[in-house]
Amino acid sequence: MKLAMIGVTTLAALCSVGQVAAADGKAVYDKTCAGCHAAIPTAPKLGDKVAWAPLLKKGSKDIIASVIKGKAPMPPKGGAANDEDATAATEYMINAVK
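Positions in the sequence shown are counted from 1; adding 396 to them yields our numbering.
Please keep in mind that the hints were generated in silico from the structure rather than gathered at the bench.
Where is the CB? At the ideal position from N, CA and C, for every residue including glycine.
Hints may contain errors.
Said to hold, decoys possible - List of simulated lysine-lysine pairs, DSS-like, C-alpha gap at most 25 Å:
1. Lys457 with Lys467
2. Lys427 with Lys494
3. Lys422 with Lys465
As the list claims (entries may be wrong) - Pairwise CB distance ranges (calculated):
4. Gly431 with Asn478: 27 to 33 Å
5. Asp426 with Ser456: 18 to 24 Å
6. Cys432 with Leu452: 17 to 23 Å
7. Asp426 with Pro472: 18 to 24 Å
Given only the sequences and the hints, what does the whole structure look like? Please build it.
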């Protein structure tokens with residue numbers, strides 16, 4: 397019984413760590429997005445309100461859908477591991493210009 401409780405507790409802790417990591421938009425941005433968004437002239441820079449203005453008019457749902465689908469030269473999900481990471485990073489970038 398004691399071993400089962402330890403196993404359940406460990407599993408719960410691991411699952412919660414995954415959720416926190418997926419929700420950490422800044423960490424995903426820093427690891428996956430920053431290089432291209434700093435170097436590629438057509439990529440909107442973090443915090444550049446002028447570059448983000450036309451995108452924001454489309455709404456965050458459309459921006460996130462575009463990131464998940466990919467838009468040349470950006471690969472699907474911006475190169476992030478999954479939809480949740482891509483969404484978190486995109487929301488982080490959007491919030492930086494609000």
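For Cys432 and Leu452, compare the CB-CB distance with the range 17 to 23 Å and indicate the outcome. For Cys432 and Leu452 the Cβ distance comes to about 20 Å; the hint holds.
Range agreement (Cβ of Ser456 with Cβ of Asp426, hint 18 to 24 Å): 20 Å, holds
> Quick one, are Lys457 and Lys467 close enough, alpha carbons at most 25 Å?
Replying inline: Holds: Lys457 and Lys467 sit about 15 Å apart, inside 25 Å.
Consistency of beta-carbon spacing, Asn478 to Gly431, with hint 27 to 33 Å: Violated, since Gly431 and Asn478 (Cβ atoms, about 19 Å apart) do not stay within the stated range.
Problem set entry | Distance restraint hint 18 to 24 Å, applied to the beta-carbon atoms of Asp426 and Pro472 | This hint holds: roughly 20 Å between Cβ atoms.
With the threshold set at 25 Å, check whether the alpha-carbon distance from Lys427 to Lys494 stays at or below it. Holds, at roughly 22 Å.
Query raised in the report: Between Lys422 and Lys465, is the straight-line Cα distance small enough, at 25 Å or below?
Result: Between Lys422 and Lys465 the Cα gap is close to 20 Å, so the pair holds against 25 Å.
The structure shown violates just one earlier hint, number 4.
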